[in-house]
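**Student:** Here are the chains, one letter per residue:
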Amino acid sequence: MPPSDTHDNDRPQGVGGEDLIVFDQVVKRFGDLTVLDHLDFSVSPGERVTLIGPSGSGKTTILRLVMTLEKVTEGMIWIGGKPFSHMPRGSGFTPASESYLRSRRKSIGMVFQQFNLFPNMSVRKNIIEAPVNVLGTPKEEANAHAEELLDLVGLGDKIDAHPTQLSGGQQQRVAIARALAMRPEILLLDEVTSALDPELVAGVLDVLREVAETTDITMLCVTHEMSFARDVSHRVLMFDKGRIAEEGHPDQMFNDPRHERTQAFLKSVLENGN
Amino acid sequence: MWDFQFTYEAMPDLLSGILTTIQLTLIGYSIALVLGLLVAVVRRTPIIGGIVHFVMEFIRTTPLIIQVVFVFLMTPADISAFTVGVVVLGVHYAAYTAEVYRSGIEGVAKGQWEAARALSLSTGRTWGAIVLPQAIRKVIPALGNYLISMFKDTPLLFAIGVTELLTQAQRVGSESFRVVEAYTLVGFLFLAVSVPSAIIIRRLEKRYAAV
Amino acid sequence: MEFLEQQLPRYADGAWITIQLTVGGAALAFVLAMAIGILGTTRFWWARAITTVFVETFRGIAALVVMFWFVFAFPDLTGFELDPRFAAILALGLNVGAYGAEVVRAAINAVPPSQVEATVALNYSWTQRMRLVVLPQAWAQMLPTFGNLVIELMKATAVVYLVGIVDLTSVAQQIRSATGQTFVAFGVAFVLYYLLAQVLILGMRALENRAGKKLGRAPTGGGGILSLLRPPSVGTKVGVAK
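Residue numbers (this note's numbering), protein chains in the order written: chain V, 1442 to 1715; chain P, 13 to 223; chain R, 5 to 246.
Keep in mind that the hints were calculated from the coordinates and are not lab data. Keep in mind that this is a model prediction, so the values were computed, not measured. Treat the hints with care, since some could be wrong.
As the list claims (entries may be wrong) - With a straight-line cut-off of 30 Å between C-alpha atoms, the simulated DSS-like cross-links for lysine-lysine are: (1) V:Lys1512 to R:Lys217; (2) V:Lys1580 to R:Lys217; (3) V:Lys1580 to R:Lys218.
Stated by the list, open to error - To be clear about the criterion: a stretch of chain P counts as covered by chain R if any three or more of its residues have a C-beta under 8 Å from a C-beta of chain R, and this derived list gives those stretches: (4) 72 to 78; (5) 162 to 168; (6) 187 to 195; (7) 201 to 212.
Yeah, the Cβ is synthetic: ideal placement off N, Cα and C, and Gly gets one too.
The whole structure should be built from the sequences, with the hints applied where relevant.
**Tutor:** Quick look at the structure:
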């Protein structure tokens, strides 16, 4: 059920009030460095959450944990009411096996900062390969869907192009189409415009606005594009040193930040021309 | 079953074989190092460079063993098989080391040549003091790999009767009918030299890659 | 001229054996290199141990020694005689396969981690990741080195005359004994080896260009058939250099 008006940034009530993503006392350490420190937070179905904060504050790590690119050090992640970082065993839990993760992460898609298109495949193949091979979608159906998605991102004429023939902005829009082709319930956006030349940023953000308006995909978004964050998100989380320093509705967060950390961060972002 | 008595008795012969093998490798490698560098420099001159390039290409694309046998047959009988073997090994590998030096020389920044010219250094000084020291440093690990490679090619000299390790093994093996032990020992002796050398080369690679 | 007319059929027979050994050895080496190279990139320590032991052993021992072992020691040990040609292909395949496995391992590890992360985000299985993304990309990197290895393999086949196989080198020696003309007898063989190598180089370069195109790279040194005529550059004795 798509939200009728995206600029009405009320946090939607999840189905049956159930949270879709839950971080329960999650700790992530890389060696001696603690990136996430006993983090608790949850996301409702259909909710769009933007994570902001200085670099090294753990935002990207959260996305990578949800995408299973990293493993939690302590604590647990739940998705859809079922354990995700772990799997049930006996009366307790054990870290999730590769096959358990494979069965669970089908509903999650990710768009990367560096696009990560496959250079050995055409645009079409990049988009249809996973639906066909992983989901078992029939080829004609996957192709039709790919064409539809490329129209959505404004690249309908590039279906047989090769990734290297596209600009960064175009590559990123293909990457968005590729992620959507898996019909994800959750879409993770990891600084998707940071690697782009300034003039290409708007095109990519417009596509994402469109996706936000026309679908009810749950989104977790790490970005430095504050106006985009204000437009699409229901909630903004400010991270500092692996913890949530402040959270709130975008209007409140951007107009009236309460935490000094948030004030300082927003000031520095604005001064840098964003 | 494995005959330890034979192993014990054959060892002196096999060790003398490996000594010859090591001598061959060291002398052949010295030839390859010097000749290869010469070739790499000469290759940059027109015409002669082209001819040298073709000859080296020819040497690289034809088998070492037939080169060894051919040269052995073409040289007067009073030149020993050892000498022929060591020279052919050296020349054959010079064709490879030349390519390594070439890549090193091409890797020296253009600005270095230009700086040398700006200081009015002679051609000899430019090569000797500026280009080659930088080029060679970079290719030391790659050159080191050819030392091991050459060591493993010495058994080919069996073909002209140089008494290296394989020749010795064949002799003691057929005299005593302990073929399995003889050839298996050769394998182990090769590993005993090439595995530690490979480890040393890898160390070298790390050390020079860090620069 | 008369010499050529008389002897050419024999050279052709010898060259044919050389080609067979090259193709057979290359096929075995390729299969071994792929299987054992891929094993070396898995997360199982025992699989990586297999790769290390295989690579170090067969890179460490000369192919000639391995061939002698199969021809002379193996029958003694098992009472089972191997066809010399089979033993030769086995020895060459193991030797070149060891170098190749290292090449495959390194090429797979050189595929950017971000590509693997993208396959995780699309929920590919390990097999799908390998087949659809990692190997196609690693392939372009393996090919130039494989090309050099094939040339080395072709050259290494010449040792087989020592176990009585009548290959090109063997034919050259027979003709030399028969005619006493060392220079001509060997010269023809040298030229044939050289030509064989050129054919292999052209073939490998065509493969490289195709693989490069798949990754959206321009063929090295301009496109088209002319690019195949670039002066060949069989440079590194591969695998040896790293």
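**Student:** Take the hints in turn and mark each one as holding or not.
**Tutor:** Verification of the supplied hints:
1. V:Lys1512 to R:Lys217: At roughly 37 Å apart (the allowed maximum being 30 Å), R:Lys217 and V:Lys1512 break the hint.
2. V:Lys1580 to R:Lys217: Holds, because 25 Å separates the two Cα atoms, which is no more than 30 Å.
3. V:Lys1580 to R:Lys218: Between V:Lys1580 and R:Lys218 the Cα gap is close to 21 Å, so the pair holds against 30 Å.
4. 72 to 78: holds (count 7)
5. 162 to 168: Since 5 is at least three, the answer is holds.
6. 187 to 195: holds (count 4)
7. 201 to 212: holds (count 5)
The structure is inconsistent with hint 1 alone, although it conforms to all the rest.
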